[in-house]
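Mind docking chain L with the ligand on chain A? Use the hints.
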Amino acid sequence: MTKDLEAFRTETRAWLEANCPASMRTPMTGEDDAVWGGRNYEFKNPEAKLWLERMGAKGWTAPTWPAEYGGGGLSADENRVLQSEMKKIGARPPLFSFGLWMLGPVLLEYANEEQKKEHLPKIVRGEIRWCQGYSEPGAGSDLAGLQTKCEDKGDHWLINGQKVWTSYANHADWCFCLVRTDTSVKHEGISFVLIDMTTKGVETRPIKLISGSSPFCETFFTDVKIPKGNMVGRLNGGWEIAKRLLQYERTNISGFGSNTRVDVVDLAKKHVGIEDGALEDRDLRARIAEHKMTERAYALSVQRAQEEAKAGGNVSHMASMFKVAGATLNQDRCELMVEAAGNRALGWSGEGFSPDDIATTRGWLRSKGNSIEGGTTEINLNVVAKRVLGLRDTQ
Amino acid sequence: MTFTLNDDQRMLKDTARDFFREQAPVTRLRKQRDEKKNGRDPDLWREIAGLGLAGVIIPEEYGGAGLGFVALGAVLEESGRTLVASPLHSSALAGASALLLAGTDAQKQEWLPRIASGEVVATIAIDEGAHHAPSKSKLKFEGGKLTGAKQYVADGHIADLIIVTGADALYLVKADAAGVTRRELVTADSRGAADITFENAPAEKMNGGADVVDAILDRARIGLAAEMVGSASEAFEITSEYLKTRRQFGQVIGGFQALQHRAAKLFTDLELTRSCVQAALDALDRNANTIAEYASLAKARASETVHLASNEMVQLHGGIGMTDVHDAGLYLKRARATEALYGGASFHRDRYASLLGF
Ligand SMILES: Cc1cc2nc3c(=O)[nH]c(=O)nc-3n(C[C@H](O)[C@H](O)[C@H](O)COP(=O)(O)OP(=O)(O)OC[C@H]3O[C@@H](n4cnc5c(N)ncnc54)[C@H](O)[C@@H]3O)c2cc1C
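Quick mapping for you: the protein sequence lines, in order, are chains A and L.
If you read the first sequence in this note's numbering, its first letter stands for residue 48, the second for the next number, and so on.
If you read the second sequence in this note's numbering, its first letter stands for residue 234, the second for the next number, and so on.
Hint data in this document are derived by calculation from the structure and do not stem from the laboratory.
Treat each hint with caution, since some may be false.
Claimed, not checked - Quick list of in silico lysine-lysine cross-link-like pairs, DSS-like style, CA-CA up to 25 Å:
hint, chain 1, residue 1, chain 2, residue 2
1, L, Lys-498, A, Lys-433
2, L, Lys-371, A, Lys-317
3, L, Lys-371, A, Lys-316
4, A, Lys-317, A, Lys-169
5, L, Lys-270, A, Lys-255
6, A, Lys-275, A, Lys-164
7, L, Lys-246, L, Lys-269
8, L, Lys-264, A, Lys-255
9, A, Lys-233, L, Lys-477
10, A, Lys-317, L, Lys-369
Treat the numbers as computed from the prediction; the structure is a model and nothing was measured.
Chain A with its partners taken away, still in its complex shape (with noise of 0.2 Å):
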């Protein structure tokens, strides 16, 4: 077994050594170096699109995804071996995909066989590009009175109504999305189907932030039809494949926005100044020492987790508290920030800020929405108080 993994380690390197192009193994310097495959995708780098290639050919995109739909068929110890040996050469991710991250694990679960083939395999190699359809402008926090409607004309699908943040829909080719069959019910009125973003009466309108722009759309149905065999899983059995892709729905929220490449304390010497050692506003300095202390005790809490999850222990309880936890603590570091930086950080574009005030302001501003994506501190402080501690509401 051991063996095997070590020929298995062998190999891979040779492998990777091999195919890995030299500017693929540079560090990412920003968003823009990440790959989003689909059809209208334009490499910057003909090496990213070389990488990308190699890697969806041999199903290492999607690494412990069975052969028969184009995945790698590793097991978690060889995965565990290809993600180290690329980490030891520095290779970038080969692929940015939500459906790699959420859609393909509910495939595999839920869908059926022609469904399986139909899709998996392209979204291994990078050539369909999917888009999250889930919130609506009157279904947000209440995800389930989501009220797009799909009604059964027979041979199709007819589907009416408006989605909300969905990021890159105006670069997508596919939508997977939550649709209401059921009027009479919540939950069990909702269904899970697939739509090409082509289809005729599919429109999207990218979403200004209070930062700037953004990856974010709104997207229109009208009068859209799609094939009846687009529906996954059972009709109105959609809401649990809507949970069950929350749960990999690769949330690390809490770090969105932040000018992570200045780091606060260097931020507050260069613009405050020194007096005896100590940053002259001692009012700024306590708070940016609380801060340090509390983004101490999240790493601490984080590799806590992390080992008792190791261990054996049921650490799913704390997912709702490091999403409020990590939330708060990127948006106080972002203000911090702004503090420290005076009004050198009051800037939008253009003269007198440099490029590092303004992403430290529009970070900022970025920061804010920490604390409603991915579920709202609100919400999530309830998923503590009542599934965590068990304080119910009293009717």
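Relative to the frame of chain A, chain L with the ligand by itself:
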């Protein structure tokens, strides 16, 4: 001390409110921004001045209304409600105060009537680094020429007259004078500002030393606190209205006790701050010896309150509050600018402690 407006003050407040609501609602700021005006709206300023709002604290002998600080505070509060982008604070309060407290007779004669009429926009230039530190000025004045650099001068990009503070002196400089270079700043709050350098710029020295600089700054701080209370109040009211209408889980979200408490706490905070700001304005009109204390109290509390109110406005609106089409972001951006100007909460907490002798 009184917290009640007299008839004149009440009338002025109503006039200002009606005008700003009708002629300068938040959509006007949005339009200025989208047209990349960076705070330039001369038509609006003409109308504001036409109502006499640029001369509220300027005595009648100089063409103003002589109504005092409580009256101007009420106007500024109303302007803060709809985020009016105009040099009202910089010119009608800060600039006018500088001339009133430090101007020679000739300087007053020359400038105050034109400030009162709105013909001239004045501002004060204080900070030389990223933070408010008036006593650390490195300005040099020799032979009638001024040399130095100021950062983020509020309305500095549109001002005609710049009153420049040194650590213990004040100078009057015309914005178009030789040796004055302005770099216009495109700011997050869409109001604009300027970094200004003076290189042997012709300047007139004004009366008074460090204490007068402080007295002028205290007027600016108290007036800005009034504007901030206006912004915070409006942010609060828009948000509490949303709590009454937005439905999730089959009920209005204002029905959730967790949010009820948030609104009630913010309201409490706001009311405490409002008392401080009103007391500070009143102290100015009475020329009380507690002005400095009240200025720091009002500015620190207003900073904290508008900080909280603007954050809660985004959060309690959920996703829509993060979008540019919603006004929450505009309140948030303006909040941080006003927090930083003339000293933030930490500057004023420290100053308050010093003033109280500990
Ligand atoms: C930057 C950003 C990115 C996003 N990305 C995605 C995405 O990729 N995919 C996607 O589907 N969605 C996404 N969203 C949407 C997000 O999930 C919703 O905005 C969020 O769930 C809140 O819903 P809402 O906006 O309708 O606010 P509402 O639900 O209307 O909430 C308004 C306020 O009421 C509070 N509230 C609601 N219910 C309760 C309660 N029971 N108790 C106490 N307080 C309550 C909320 O916490 C909030 O403060 C994103 C949002 C943002 C801002």
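Structure-based check of each hint:
1. L:Lys-498 <-> A:Lys-433: Roughly 23 Å separates the two Cα atoms, so the pair holds.
2. L:Lys-371 <-> A:Lys-317: 18 Å, holds
3. L:Lys-371 <-> A:Lys-316: Between Lys-371 of chain L and Lys-316 of chain A the Cα gap is close to 20 Å, so the pair holds against 25 Å.
4. A:Lys-317 <-> A:Lys-169: Status violated; Cα separation ~50 Å.
5. L:Lys-270 <-> A:Lys-255: Holds: Lys-270 of chain L and Lys-255 of chain A sit about 20 Å apart, inside 25 Å.
6. A:Lys-275 <-> A:Lys-164: Within the cut-off at roughly 17 Å; holds.
7. L:Lys-246 <-> L:Lys-269: 30 Å, violated
8. L:Lys-264 <-> A:Lys-255: Status holds; Cα separation ~16 Å.
9. A:Lys-233 <-> L:Lys-477: Cα-Cα ~23 Å, so holds.
10. A:Lys-317 <-> L:Lys-369: Measuring from Cα to Cα gives roughly 16 Å; hence the hint holds.
Figure legend: structure checked against the earlier numbered hints; hints not met, in rising order: 4, 7.
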